[in-house]
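There are 2 protein chains.
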Amino acid sequence: MPQLGLLPRRTWATLLSQLLRPPRAACISAVGCHSQVAEALLTSQPKPHQEKPNFIIKIPKGTRDLSPQQMVVREKILDMVVSCFKRHGAKGLDTPAFELTVPFARYLAMNKLKKMKRYQVGKVWRRESPTIVQGRYREFCQCDFDIAGHFDPMIPDAECLKIMCEVLSGLQLGDFLIKVNDRRIVDGMFAVCGVPESKFRAICASMDKLDKMSWRDVRHEMVAKKGLAPEVADRIGEYIQCHGGVSLIEQLFQDPRLSQNKQALEGLGDLKLLFEYLTLFGIAEKICFDLSLARGVDYYTGVIYEAVLLQTPAQAGEEPLNVGSVAAGGRYDELVATFDPKGHKVPCVGLSIGIERIFYIVEQRMKNSFKKVRTTETQVFVATPQKNFLRERLKLIAELWDAGIKAEMLYKNNPKLLTQLHYCENTGIPLVVIIGEQEQKEGVIKLRSVASREEVAIKRENLVAEIQKRLSES
Amino acid sequence: MPQLGLLPRRTWATLLSQLLRPPRAACISAVGCHSQVAEALLTSQPKPHQEKPNFIIKIPKGTRDLSPQQMVVREKILDMVVSCFKRHGAKGLDTPAFELTVPFARYLAMNKLKKMKRYQVGKVWRRESPTIVQGRYREFCQCDFDIAGHFDPMIPDAECLKIMCEVLSGLQLGDFLIKVNDRRIVDGMFAVCGVPESKFRAICASMDKLDKMSWRDVRHEMVAKKGLAPEVADRIGEYIQCHGGVSLIEQLFQDPRLSQNKQALEGLGDLKLLFEYLTLFGIAEKICFDLSLARGVDYYTGVIYEAVLLQTPAQAGEEPLNVGSVAAGGRYDELVATFDPKGHKVPCVGLSIGIERIFYIVEQRMKNSFKKVRTTETQVFVATPQKNFLRERLKLIAELWDAGIKAEMLYKNNPKLLTQLHYCENTGIPLVVIIGEQEQKEGVIKLRSVASREEVAIKRENLVAEIQKRLSES
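First to last, the protein sequences are chains B and H. Be aware that the first sequence starts at -3, since it is given in our numbering, and climbs by one per residue. Be aware that the second sequence starts at -3, since it is given in our numbering, and climbs by one per residue.
Okay, chain B solo, but in the shape it has when bound (with noise of 0.2 Å):
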């Protein structure tokens, strides 16, 4: 899903505050920095032959650095998600990362085009104030995944529902469900309701609460703060109550009133279809029809889909998580004629992954199972049990490195074996080649495997050999 929200100029400014920090005098120097997300004022501009910097500089409120450990979870959950949508066919794009609006509307009716499937992930920046410990940051990374085009109805849909579906899965995150909705039967359940037509979208915004705030504050702020009729808000708590399958689509396509609005059932019969096709795909159980569902932003015109994570018990030590909807999306068939000269109009439908509330949950489960990521990749270290051996680990480490293995060798010219062999173990690097002078009079290299802690002399001339097989095979 693009991205909405242009930045005010007071937002920029409030922004543009936290970064910069008038000079000061004297050199104020990192405090209080044990923390990753941090609020530590830096001095900034070292300039060696400058005894005072110019200013003083702060982590931007809201960002922060992400560690080794961090990437590494980061790394492969994107990878995970990348291949979904490249399995699907999507291209790729990149759109400024500062640039304040929504991207992929924009560059379609920039360049003309009139379709195409395409994900983009990358940092950008929210607008909003953060609330870092639900795991929102104000920079973070978006994950989307659009199809524009004009197609036969609800395929596309479909196939976004599938992605979120393959993607929930892959990332083993737990059982999850997801909700389906669609504008036009929101829009007509507002108007059989009685609610008049230029309230329809605060309405829509206070249903948008219902997965924070129960239905009674809701009803509240309907009543009391949006100036809607009582009765009329009883009508619609009727109808949000409402969730199922295939049967409630029929059972609402005899509605007595909401069989008489034209867009209701236009949004029921596409979403009939839609479902039709889910049950192709095999993912029907996995969906469900919720009239409760309206999804905040304004220019979803017709199916709406958000997925949730089912809360399961928490297990021993871990902290039960809230963490809200972990994607979702809907079609938009408006936004790309806003931003053409002439108006043209392309549909689009889309899926935005939580990526950030997922890589959260995962470090979470990281952290509480007190599991070691390995935050190298490094196959193969280069060792040596005497003194005097850097040229020949250098010789043999740059071997190693033109064939393509991974390697490491401690930058020390007369390391100690224990040292060495420690290091392997505690960045997790399965086997050591060890050369010392008995290895180079016989013309041979120690193959040491780790793990087993057992060693084979191996030809200097097959060593490359030998260690790809093994890798191979591992």
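Hints should not be assumed to be uniformly reliable.
Because identical chains cannot be distinguished in the list, a pair is counted as satisfied if it fits within a single copy or across any two copies.
Pairs of lysine-lysine residues, derived as BS3-like cross-links and limited to a Cα-Cα distance of at most 30 Å, are as follows [said to hold, decoys possible]: (1) LYS408 to LYS268; (2) LYS465 to LYS72; (3) LYS412 to LYS368; (4) LYS402 to LYS72; (5) LYS363 to LYS119; (6) LYS341 to LYS268; (7) LYS119 to LYS72; (8) LYS82 to LYS383; (9) LYS338 to LYS221; (10) LYS110 to LYS455.
Think of the hints as simulated: they come from the structure by calculation, not from any bench. Note that the structure is a prediction, hence the values are computed from the model and not measured.
Dock chain H against the given chain B, drawing on the hints supplied.
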């Protein structure tokens, strides 16, 4: 290499004024949109329920969209570079893209890390105004590798040069040369030539322009603008003509003036050791000791280096490319201490790949070669020759996706077979599976090779296995 440069307030103001425009009464739509480097004015904040937008927004100057074609090229190049960094045991690290200072040194000091080998790849922002024609954008991709820690001399430095060689060879950019010098030799040379110490950095900055300006012009700047005595400049002029290998180092050890300078001798000693290691790595012939190399950045303290592509005669139809250096770096032993409250020193050496320049070169070559780049990875297309086979196609494609096969179909109820086959030819999909009445009756699927147009009938239940076999063979 860490990215130097704090944005002063006025630069921010300029940047902002380009990003945001005052509200206008009328909706200004996209104009002159043919160029990817979008200068076009765009309407932002499209609100379906509001006739006129609040803001007019421009794509920030010096940024651009990256098309699927460009993304494919970039992904391949970055994969190659990152896999080289990983081959050398580096960990991934991510710091905020909008942090305006030297992130790696700040990260080490903040987390009290005494050693780390890391790479970082991602979008960052440049403060200088962009010269787009040379592939320099304000929003650009950075690609850094650094080794931090107290180690025996020149071992990590030699590895940095090895990495530069591996990356540049691997990318097949053509012949290249890496110029090497040492800041202590530069400073020692200044001292023995008679440059006052207060002018060292200013004269160094002039010297750094030697790749863009002639010595005559640089000398003029030193004398006329920076107040250097003409005879001092002439002495520098003699030294900076020197370039060569180990023999030049030996020669300078005997130089009557330079051999009197302690700093210069230290630098020469380290370079001698470095060349020994480079020889063991098998890359000495790619490295040239060049006394004219200065590197503009202040924080270098030891070895400095810069890789340049050697100009090859322009191929037919190929415009000559003036791209400057494609990778550079050096040793900076004092930078981390400037971030540390107690001034603890963590010596560092690193390199930056000029990845945007490399993207530019490769894109130009692709353009000139008229080679078609596949922008998707789809392996199999699901087709039908008959009407009313949508449901069969949906079932079939879900089976392929679930088996991890990259598959596409047209989002049409009843597409023409020719349209479907043309789609495969145009997008480079190698295999087609065809299902129709005949196949359904016989319980088979036709598997067609797009290149050879050969078709074979395969039992429905063996299809996935057969496709996987074919894909693993190709």
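For each hint, the structure was consulted:
For the homomeric pair LYS408 and LYS268, the shortest alpha-carbon distance between copies (18 Å) is at most 30 Å, but the shortest distance inside one copy (69 Å) is not. For the homomeric pair LYS465 and LYS72, the shortest alpha-carbon distances inside one copy (25 Å) and between copies (26 Å) are both at most 30 Å. When the C-alpha separation of LYS412 and LYS368 is checked against a cutoff of 30 Å, the pair qualifies only within one copy, where the shortest distance is 25 Å, while the shortest distance between copies is 54 Å. For the homomeric pair LYS402 and LYS72, the shortest alpha-carbon distances inside one copy (19 Å) and between copies (19 Å) are both at most 30 Å.
Taking identical chains as interchangeable, the C-alpha atoms of LYS363 and LYS119 lie at most 30 Å apart whether they share a chain (24 Å) or sit on different chains (29 Å). Taking CA atoms no more than 30 Å apart as the test, LYS341 paired with LYS268 passes inside one copy only; the shortest distance there is 25 Å, against 67 Å between copies. Taking the closest pair of Cα atoms, LYS119 and LYS72 come within 30 Å of each other both inside a single copy (17 Å) and across two copies (20 Å). Taking the shortest alpha-carbon separations for LYS82 and LYS383, only the inter-copy value of 28 Å comes in at or below 30 Å, while the best intra-copy value is 51 Å.
Proximity of LYS338 and LYS221 under a CA criterion of 30 Å is satisfied in neither setting, with 39 Å inside one chain copy and 56 Å between copies. Taking the shortest Cα distances, LYS110 and LYS455 never come within 30 Å of each other, neither inside one copy (62 Å) nor across copies (38 Å).
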